[in-house]
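Protein chains: 2
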Amino acid sequence: MANDKKMVEDITSMEEDFAKWYTDICKKAELVEYTSVKGCMVIRPYGYAIWENIQRILDGMFKETGHENVCMPMFIPESLLQKEKDHVEGFAPEVAWVTHGGSEKLEERLCVRPTSETLFCEHYANIIHSHRDLPKLYNQWVSVVRWEKTTRPFLRSREFLWQEGHTIHATAEEAITETEKMLGVYADFCEQYLAIPVVKGKKTESDKFAGAVSTYAIEALMHDGKALQAGTSHYFGDGFAKAFGIQYQSKENKLEYPHQTSWGMTTRLIGAIIMTHGDNNGLVLPPAVAPIQAVIIPVAQHKPGVLEKAAELQAELQKAGIRVKVDDSNNSAGWKYSEYEMKGVPVRIEVGPRDIENGECVIVTRHNREKSVAKLDTLAETVAAKLQEVRDGIYNKALENREKRTYACTTLDEITAALNEKGDGFIKAMWCGKEECEDKVKEITGVGSRCIPLNQEEISDKCICCGEKAEHLVYWGKAY
Amino acid sequence: MANDKKMVEDITSMEEDFAKWYTDICKKAELVEYTSVKGCMVIRPYGYAIWENIQRILDGMFKETGHENVCMPMFIPESLLQKEKDHVEGFAPEVAWVTHGGSEKLEERLCVRPTSETLFCEHYANIIHSHRDLPKLYNQWVSVVRWEKTTRPFLRSREFLWQEGHTIHATAEEAITETEKMLGVYADFCEQYLAIPVVKGKKTESDKFAGAVSTYAIEALMHDGKALQAGTSHYFGDGFAKAFGIQYQSKENKLEYPHQTSWGMTTRLIGAIIMTHGDNNGLVLPPAVAPIQAVIIPVAQHKPGVLEKAAELQAELQKAGIRVKVDDSNNSAGWKYSEYEMKGVPVRIEVGPRDIENGECVIVTRHNREKSVAKLDTLAETVAAKLQEVRDGIYNKALENREKRTYACTTLDEITAALNEKGDGFIKAMWCGKEECEDKVKEITGVGSRCIPLNQEEISDKCICCGEKAEHLVYWGKAY
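Protein chains in written order, with my numbering: chain A, 1 to 480; chain B, 481 to 960.
Since the hints were derived computationally from the structure, they do not count as laboratory data.
Don't take each hint at face value.
On the chain B side, residues computed to face chain A include the following (Cβ under 8 Å) [stated by the list, open to error]:
id: 1; residue: Thr515
id: 2; residue: Glu532
id: 3; residue: Arg536
id: 4; residue: Ile537
id: 5; residue: Pro557
id: 6; residue: Glu558
id: 7; residue: Val575
id: 8; residue: His580
id: 9; residue: Ser623
id: 10; residue: Val693
id: 11; residue: Trp815
In the SDA-like style, the derived pairs of lysine to any residue whose C-alpha atoms are separated by at most 25 Å in a straight line are [stated by the list, open to error]:
id: 12; chain 1: A; residue 1: Lys319; chain 2: B; residue 2: Asp539
id: 13; chain 1: B; residue 1: Lys688; chain 2: A; residue 2: Ser103
id: 14; chain 1: A; residue 1: Lys27; chain 2: B; residue 2: Ile607
id: 15; chain 1: A; residue 1: Lys181; chain 2: B; residue 2: Pro525
id: 16; chain 1: B; residue 1: Lys518; chain 2: A; residue 2: Trp141
id: 17; chain 1: A; residue 1: Lys28; chain 2: B; residue 2: Ile608
id: 18; chain 1: B; residue 1: Lys908; chain 2: B; residue 2: Ala605
id: 19; chain 1: B; residue 1: Lys507; chain 2: A; residue 2: Asp327
id: 20; chain 1: A; residue 1: Lys63; chain 2: B; residue 2: Lys518
id: 21; chain 1: B; residue 1: Lys958; chain 2: B; residue 2: Ala864
id: 22; chain 1: B; residue 1: Lys543; chain 2: A; residue 2: Val326
id: 23; chain 1: A; residue 1: Lys136; chain 2: B; residue 2: Glu880
id: 24; chain 1: B; residue 1: Lys543; chain 2: A; residue 2: Ala311
id: 25; chain 1: A; residue 1: Lys28; chain 2: B; residue 2: Ala605
id: 26; chain 1: B; residue 1: Lys585; chain 2: A; residue 2: Glu78
id: 27; chain 1: A; residue 1: Lys63; chain 2: B; residue 2: Ala605
id: 28; chain 1: B; residue 1: Lys799; chain 2: A; residue 2: Glu68
id: 29; chain 1: A; residue 1: Lys136; chain 2: B; residue 2: Ala529
id: 30; chain 1: B; residue 1: Lys543; chain 2: A; residue 2: Asp327
id: 31; chain 1: A; residue 1: Lys27; chain 2: B; residue 2: Asn549
id: 32; chain 1: A; residue 1: Lys397; chain 2: A; residue 2: Asp377
id: 33; chain 1: B; residue 1: Lys543; chain 2: A; residue 2: Glu78
id: 34; chain 1: A; residue 1: Lys63; chain 2: B; residue 2: Tyr526
id: 35; chain 1: A; residue 1: Lys226; chain 2: A; residue 2: Lys105
id: 36; chain 1: B; residue 1: Lys616; chain 2: A; residue 2: Thr23
id: 37; chain 1: A; residue 1: Lys319; chain 2: B; residue 2: Arg536
Far from chain B, by Cβ distances over 10 Å, these chain A residues were calculated [claimed, not checked]:
id: 38; residue: Thr12
id: 39; residue: Asn126
id: 40; residue: Ala172
A virtual CB, placed ideally from N, CA and C, is assigned to each residue, including glycine.
Model the full assembly from the supplied sequences, consistent with the hints where possible.
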């Protein structure tokens, strides 16, 4: 039990220092390791396995909605990046520049892609000529680079992994439908598979993606009451098409500009999982993306029959499609309990000689540490049901946290009071639509606009800042 | 049929110009498209889907042999690249250098990884302390950059996709076993799934990976008689461990240096598939990695019941795990035949009203254009058997080409004569082991050493060049 104690002491508690608690989990659960490459990290096997599960599920959802994967170069020539004015303004200050190949200076600098709209546009211009070539529904799984000043594992790093969807359509309507559809796919993914409740909304003008007509996002609330943007979906209109000379011959034989979208989710989702579900014992993983969904801990494993039974149970669970591990190492049971709590394994199964005699075992669910006794001969069904129970349990807990921390306010003073008394959270407040009011809210209260939720309510008819006619309900918050 | 003719005319015949035939296929089968990023390419959906199948199968083989995926940064600080002398000498002349982040000059240049040994070593030094931390069996799926002067799609590009396995072991024996095991995995993969026969061997000293003690490779012979290195596996000894200060406490409580390996396969495999199996009608894909394994062409599809039957057959084949597409577009049957021949779809199924009446359909296998009639009610089994037949058929054809083009020679004149009379191919000839003889063979005959095959034969006891005592049988050839 000495080991057990030691491990738990190793994490800072979240109440003491949430930021330190977060990085402690990243390290102790062996998700990442720092490197001498400033702002970049090693994603270790346990962290990468979570990402592989995210990828597999999302990729399936993309393919089901008709998307195909491609792969663009990682470099963008400076002249190509500059073709769309807003886009280059937004990204040029934060790109990494390649200036030399071997010992030779390049004729033209190349940036490492911060995002790939410009490359997709160049490609579209090559392959799209007729309405018969539309739509193209593309996606790629790659890493991108943005030269951030301050970085944190998963949340903000100079290189991060993501998927970027890029689509091009004959009409604006089709492109807008696509933008909204993918926002829906993102929300479903977060809620169903990551058990993270999200708010679907539109970004304000000042918060749009560089070059977009409109940016949609899903916003989640972390355990500490700060908001995290979990995915974005952009509608570009025909701005990029005009900048890159992409045109198609319509059915009516006219030359038309097509309409585009892009949408992305990143390894940041792993940060969202940690900060939504984690606790002072470590990670709590949503079963759908947990590398190990159930761990079997043999008790008194030196006794005859225990390890054999553990192996038998493992085989049965595996057959039922459950990702299961037996830990038959020489570490103490207490050490093992702590270890798999730290790693957030949703279900722990303890099985010893007496359990085997009784045809039973003990099941402990990670998120609430509830113990129950289960029959060995129906274990696979029980574990499958427990995994669903865990997903629902952590989803409801996260939803409860968000409700508790969502404050409807009608004056700036109310915002300040709510934040002071109840801590950080989402502020729901009305807004007139003017950028100066948006800025002033932030200046005075510290919360910025997160999104204009698609589900609008009218909690007042006046802008919380200027008192003039309100145009939108806005979610405000401090953000990661 | 006009369309049919047009498409076939679009490819240069391989007898006329093999290099042109190759790039024609890359473009016409929609595998890649050029970009304004010199030496880099877009991998289009059809090309990328082949890579996804390669990835899925190989990744499964890696996991079955105990490997875990990780992800290292894409950048390497110059000082880190320089830590191992041979390694930096080999790679520094061909790396891309990042010198600026945004508008600021970096304190230290970063190269875009040409390969990641140095990053793995830095990570090992952080996480390996005891014999209990060994072995680590890692892999990553990423892209790397090498600043090549002349490039060709898939075969040689400035950026390419690959997997790089990196492992670290307590003993030299374990590491050598790993190196050889992964060479075996590569050979099995190529032969079973890509239907490409390969020669397993060791590289000569002059041809080793920068920093390796020994490099193993699998060599394949392309249709034109040129050799292609399809995968490599390196044993590093403890050279990197010493350069990077990686040490572990042994069971006997002594500080020891561990031993390392790395191994990689790349998108070059797609080039190997094209040049091994392709013909003058286009691509011929091995069934295991074909994005579409069977295409159903409805004949007289306007007739009642034809499209319904096609959809029903598609559902049945899908249920049997076959990747199948129905082309019910308005293009002519002739156009469709050409299109799917160009795309290398292994099996074509033609089904029209009369076939349906008879409960039959026509099956055509792409590689030999053989037609047969199959019963509709057992179509899934028939197609599965045909796919195996295709794999075996194209493997045997490739093996036959290699045998026909492998020439055992005992004098340099014989080499020249064989190449002149029979065309390019593998030369089997004995070698004393001296680099000057290796160089001289190349200078005089034009063929370089490809590998020292693991299956050694003694076709003479004298070096083909100097006539002194032979040490090894060597495969020689011109290479891609």
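Does Ile607 of chain B lie within 25 Å of Lys27 of chain A when you go C-alpha to C-alpha? 11 Å, holds
Lys543 of chain B and Glu78 of chain A were given as a pair; does the straight-line alpha-carbon distance stay at or below 25 Å? Cα-Cα ~40 Å, so violated.
With the threshold set at 25 Å, check whether the alpha-carbon distance from Lys63 of chain A to Lys518 of chain B stays at or below it. 31 Å, violated
Check whether the Cα positions of Lys688 of chain B and Ser103 of chain A lie no farther apart than 25 Å. 23 Å, holds
Would the hint linking Lys28 of chain A and Ile608 of chain B be met if the CA-CA limit is 25 Å? 15 Å, holds
Taken at face value, is the distance from the CA of Thr23 of chain A to the CA of Lys616 of chain B at most 25 Å? Given pair Lys616 of chain B, Thr23 of chain A holds - Cα atoms ~24 Å apart, limit 25 Å.
Pro557 of chain B as chain A interface residue, shortest Cβ-Cβ below 8 Å: Because about 6 Å separates Pro557 of chain B from the closest Cβ in chain A, which is inside the 8 Å limit, the hint holds.
Please verify whether Lys181 of chain A and Pro525 of chain B have alpha carbons no more than 25 Å apart. At roughly 21 Å apart (the allowed maximum being 25 Å), Pro525 of chain B and Lys181 of chain A satisfy the hint.
Answer holds if the nearest beta-carbon of chain A is closer than 8 Å to that of Val575 of chain B; otherwise answer violated. 7 Å, holds
So if I understand the rule, the pair passes when the alpha-carbon distance is 25 Å or less; does Lys543 of chain B with Asp327 of chain A pass? 19 Å, holds
Given a cut of 8 Å on the nearest C-beta pair, is the interface hint for Ser623 of chain B held or broken against chain A? Where the cut-off is 8 Å and the nearest Cβ of chain A is about 6 Å from Ser623 of chain B, the hint holds.
What's the verdict on Lys958 of chain B and Ala864 of chain B, does the C-alpha distance respect the 25 Å limit or exceed it? Between Lys958 of chain B and Ala864 of chain B the Cα gap is close to 37 Å, so the pair fails against 25 Å, i.e. violated.
When each numbered hint is compared with the structure, violations occur for hints 3, 4, 6, 10, 11, 18, 19, 20, 21, 23, 27, 32, 33, 35, 39.
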